[in-house]
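For the sequence shown, UniProt numbering gives the first residue as 1, with consecutive numbering after it.
Read the hints as simulated data drawn from the structure, not as lab findings.
The reader is advised that the hints may include incorrect statements.
[To be verified] The following label-pair restraints were derived from C-beta to C-beta distances:
(1) Met381 with Ser87: 56 to 66 Å
(2) Lys188 with Pro304: 21 to 31 Å
(3) Ser429 with Glu264: 40 to 50 Å
(4) Lys301 with Tyr270: 17 to 27 Å
(5) Arg34 with Tyr234: 19 to 29 Å
(6) Gly16 with Phe151: 40 to 50 Å
Keep in mind it's a predicted model, so treat the numbers as computed, not measured.
Virtual Cβ for every residue (Gly too), placed ideally from N, Cα, C.
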Amino acid sequence: MFLAIRVQEPLLQFYGGTHISPRRIITLKPFSYRELLNEDVHVKLLADGETRNLGIKLIKHLIKGYSALSESMPSFNEVFGTKLIFSENSDTAITSSDNLLIDLEEALDILKSEARRGVVVIALSEIPERIYRQVKIKALTYSKLNLRTQFIEKSTIESYSIGGRGYVYLLMNLATAIYAKIGGVPWKLSRSILPIRGLILGISFSRRRVKVSESEVIYYGAVGVLDRYGEHLYTEIKMFTASPRELKTKGLFVPYDKLKSILEDAIKQYGWIPQIMIHKSAPLVNEEIKAVKEITEKYSKDKPPVFYISTHVKSNTIYRAYDSSVSDYSIQRGLMLLRSEKSSKWIQYILFTTGRVYRSASERGKLGTPKPLELAIDTNMPELSPIHIGEQFLALTKLDWNTTDPEVREPITIKYSRKAAQIAPEILSPEVPDLRVADIRDLM
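Taking the hints into account, I'd like the entire structure generated from these sequences.
Below is the structure:
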């Protein structure tokens, strides 16, 4: 049996005020509006022959603005206070998947010589995952210069009919992502996620494994570290080893000594903290629980206790919910279901991070049934507030600057640690077993 409660939607802080919807960036302006005011942002377009014209049209709509039906995307300069500089002739180059890395390096080098901030828009009919990862790795070397990449597939542009409301939202998403990637801050949370000083960790893994011997397998993961406001501090991309038997019985996990070292390093760098929150994409295992307990007990000696909340965030769930009071039966985002009894050793919650954003809405306005997150929690806290847990997860879904959609399913702890883990096999080796990414924009 379940008990249903509703979690309040967290507010976002913009330059001109607060609101629950990221789309209010259009009128309230980005949080860092004054800091980048009147800056020029140079744009290069790399596109294949099939996508070139669509890519040019898209960039022109970003620059000049676009309206459809009741929705409007003003010019980039009007919203963000910065000006996109783009010439259809001199800033566009034809490329292909095979030549993309060479053409990208040339475009980034040109931007490096002519601009303080810039973005290379890559518009292709298809973007293979391998090429995507290689491009992200190449762009890492330019990140400190505020030069980054923005991908868009032909099918994505075509799926939003030009002249429709969805196309306006696509422009909003791209404009906001570009603003973030050149160093801007679109929005922040209006208040902290954690009530006290603490760290938030997100742990995800790559599916790729390398068999070294009959007794050893290499696998890859990433640990993102955020502060109490959800602001990115750094992400560690890691190489791990385990026996095939361990991976078969435990699934993907951070080895005991590695997790202790990760937590020790974070605490040494940022000082004693009274709370640690951990989100993991795979189930928690005993040695991870042991490592977290030992670290929190170590730093609780002669000081107030250090509390931890470790959560397995499961996205592939069987649960669905319906609201018969609205025409399309869609539930409201923020619905939380609590088990009436504790199941095994975990505290279990079900949280809907998608669904109607406004209670007054008569329908969701989207196809499909909202799918929740299933949370399995281990903690040393004497009392755990489900409302606070729900608020923290909703808040972390709203810190994704890659979209202005009010419905974001995954928290950034999981989404961006997973993106980091996906590039790990391409960049790590036994000689270079880890890498630190300092800016979350490099994972967007």
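Results of checking the hints against the structure:
With their beta carbons about 57 Å apart, Met381 and Ser87 fall inside the hinted range of 56 to 66 Å. Checked against the hint of 21 to 31 Å, the pair Lys188 and Pro304 passes, with Cβ atoms roughly 28 Å apart. Ser429 and Glu264 have their C-beta atoms about 24 Å apart, which leaves the hinted 40 to 50 Å range violated. Separated by about 19 Å at the C-beta atoms, Lys301 and Tyr270 satisfy the suggested range of 17 to 27 Å.
Look at Arg34 against Tyr234: about 27 Å separates their beta carbons, and that is inside 19 to 29 Å. For the hinted restraint 40 to 50 Å between Gly16 and Phe151, the CB-CB distance of approximately 30 Å leaves it violated.
In summary, the numbered hints that this structure violates are 3 and 6.
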